[in-house]
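> Residues per chain are reported as follows:
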Amino acid sequence: MRVLRSLGILLVALLPSVLAVGPRAWAGEPFKLGLLAPMSGVSSHYGPILKNSADLAIEEINAAGGILGRPVRLYVEDDKFSAAPAAEGAKNLLGKEEVAALIGTISSASTQAVIPVATRAKRPFMYVIQGEYKGCNPYIFALGPTPYQQVKFWGPWMVKNLGKSIYMIGSDYVFPRELNAEIKKTIEPLGGKAAGEEYIALGTKDFSTILTRVEAARPEVLLSSMVGSDAISFLKQAHEFGLHKKMKVTALPSLNSAYYPAVKEIADGKYTVGVYSDELDNPLNRRFVQKYKERFKPAGPVVEVASVTYTAVYMVKAAAEKAKSLDGDKLAQALKGLTVDSPAGKMTIDPKTHLATQYVYLFHIEPGGRYRIAENFGPVEDPNIKCS
Amino acid sequence: MEYEVFIKQILNGFSLVLFITLFSLGLSIIFGMMDVINIAHGELFMMGAYTVYAVTAAGGSFWLGLALAPLAVALVGLGMERTILRHLYHRRDLSTLLATWGFSVFFREAIQVLFTREPKSVANPLAGSVVVLGATYSAYRLFVMATAVLVIAAVLVLFLKTNFGVLARATIQNGEMAAVLGINVPRMYQWTFVLGSALAGLAGALLAPLNAVIPAMGVEFVGRAFFAVVVGGLGTITGALGGGLIIGEAESLFSIFLLPTVAQILVFVMVIVVILVRPRGVFGRRSALEHQVM
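Quick mapping for you: the protein sequence lines, in order, are chains A and B. If you count by the working numbering, then the first sequence holds residues 1 to 388, one letter each, in order. If you count by the working numbering, then the second sequence holds residues 1001 to 1294, one letter each, in order.
Calculated from the structure, these hints are not laboratory results. Note that this is a predicted model, so its numbers are computed, not measured. Mixed in with the good hints, there may be bad ones.
[Unchecked claim] Which bits of chain A does chain B cover? Going by a derived footprint, with three or more residues having C-beta under 8 Å, they are:
(1) 84-93
(2) 196-205
(3) 256-262
(4) 349-362
Beta carbons: idealized from backbone N, C-alpha and C, even for Gly.
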C-alpha cells in the first residue's frame, strides 16, 4: 500500500512538469515566445492543442535557422481559462521571462485580462480564438474570427436552407449575445427572425425545461451558441428530446471540429461555418495536418485553433524579420498589414483594426469528422470595427 | 400552457429531482454515517461516466458499461477507504476532507492521463420517445427516472428493513456504543463508503449519455449535491431525498416561468435562507439520538 501511495503522490507531483517546456540545447540568445493556454479547468483540452501547434511551428522554424538567427524558445503559462491566472501568467511571461510576444487565450475573460498587461509592456499579444474583438489597441491582434466574420454569410445561409424563425439559445456571457446580435442583423433583411432568445448560466447541466419551452414555441430552427461542456450537454439533450425531428438543430461554435469527438452522431450530416478544416486542400495544410496527426494523434479532426496558433507563430517570425528587431513596438508596427500563408489560406492583418482578414467556409460534416468544404465565402473583413 | 407542455414540464421537474437525489444519495449516506465530507464524490461520479465510455469505446454495449460502472467505482472507493481514509477517522479535524480533496485532484489528473482531456461522447442507448399521459417524452430519461426510483427505494429498504440497516443506524446514533455492543464499526464504515461510491458511479454512468464526459464533469455537478445535502438535512437519508426534491423542483419550477439564470439565483437565495433559518436542514434534527434516522 505504501508503494502505491507514494506512486500516486509521485504521479501528481510529476504532472506539472510534463506540461512545462523542457530546455532546448542551442547556443546563442533565444527568441522568446510566450503562450497562454488553459491547461487545467473545464476547457483544459484546448491547452495541449495550442501548445502542440506552437511547438510544431517552432520546430520547423528552428530547423530552418530560427528567427533572426536565434533559436525560438516557447514559454507556457496555464491561464486556467479565467481572468486572474491569465493576467498573472502574462505578467510572468512578459516580466520575468521577457518574451518578445504573446500568443494564446481561449476564454474571453482571459483575453480581456491579458490585454492591459500586454499593452503596458508594449509587446504584441495575438489571440487565437474567435471572439468579440473591439480593436484599436496598438499591441493587440485578433487572429480568431469575430462574430461578424463568421455569420455574415452563415445567417443568410440559415434563412435560405434551414428556416426563417430561429430560436436562439446561448451561454450567458458576452460572446453568444454579440453573435446573436450579428445573426439578427443578417437575417432580418431576408425575413428571418428570432423566435426566442435565451441565455443560460454557465454550468447548467439540465436543459429539459428550456427544451420543452423551445419545442412549444415551434420554431423552424434551434440555434445553440452555448460554449464549453454545457454546449455538448445541450446538443445531446436537444437530440434526446427529439427536437431534431421537429426542427433543424444547429450550433455555433459547438459543431466546429474542436467539439466533434464529443458530439459525433449529432454533428454528422449537419452544416457549420468556420475558418479552418483539416480537409482544406492546399500543400501547406496537407503538410501541417500530416505532421500534426503523426505527432499528436488527436482523437478527432485537427481543429481551427491549431491552425490559427501555428499561423500566429509564423506571423511573429515574419514580423520580426520585417522589423529586423525584437522590440515590442517595432514588432507591433511590422505586424500591421502583414500577410502570411496559413493552413487555412492567406491571412492578412488589417493595418488599421489589427483583425485578421481570413477565409470563411461553410462545412458539411461527414461521418468520421470530415469537415468538407461546402462553400468558400472568400476572405471576410469586419466593417464593425472602426479605428482611425 | 398547453396540456402536453404542462405534462412535459411536470416530468422534467421529476427528472431533475431524481437526478439530483440519485447524485447526492452517496454523498449524503457517507456524510450522515461517517461524518466524512467526500469532496471526491464528483470524481467518483465522473469515473462512472468514464467506465461507460471505456466499455462502449472498446465495443461493449452501454448496458454492460452501466452494470460495470458501480462495481468499478466501488472498487475505487474501497481503495480510498483502505489506503488512507480509515487512518483518519479518529482525528476529529479536517483530515478526511483534505484527503478526499487530494483524491479528487488525483482522480481528475489520472483520468486526463488515461483518456486525454478531449471531451468524450457516450451515445444515447434509448434514442426514441414514449407517450406518457398523452405527452411524448424521452425514453432514456424515463429509464433513468425509473432506475433512480428503484435505487432510492433499494437504499431505503437497505437502511430500514435489513440487518445492515439496523447496524448502520446504530453506528450513526452512537458509534462508540455500537462498538461496545459488538458491531464492527470499521467494517460498517468501509461498506458504507463502498456503497456511497458505487451510487456515485451508477449516477455517473446513467447521466453520461446526456452530458459531456470530461475530467472536470464531477466538479460541475457536485455543487448542487452539496446544496441538496445541506438543504435536506445533515445526517439523514430522508434529508438527501428531501433536499434533492426541494432543489430539483425549485429549479425546474422557477425555470419554467423565469429565465434560467434568475431561477438559479433564486435557488441560491433559497439555500441561504434555509441555512440561516434551519442550520441543520429542513429535515435535519438536532441530534440523531433523539430521533430515528428516518
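> Evaluate each hint against the coordinates.
A quick look at each hint next to the structure:
With 0 residues bearing a CB less than 8 Å from a CB of chain B, the stretch 84-93 of chain A misses the requirement of three and the coverage assertion fails. Look at the stretch 196-205 of chain A against chain B: 7 of its residues bring a Cβ nearer than 8 Å to a Cβ of that chain, three or more, so the hint holds. Here's how the stretch 256-262 of chain A fares: 3 of its residues keep a CB closer than 8 Å to some CB of chain B, so the rule of at least three is met and the hint holds. Remark: the stretch 349-362 of chain A is not confirmed as covered by chain B, as 0 of its residues place a Cβ nearer than 8 Å to a Cβ of that chain, below the required three.
Checked against the numbered hints above, the structure violates hints 1, 4; every other hint is satisfied.
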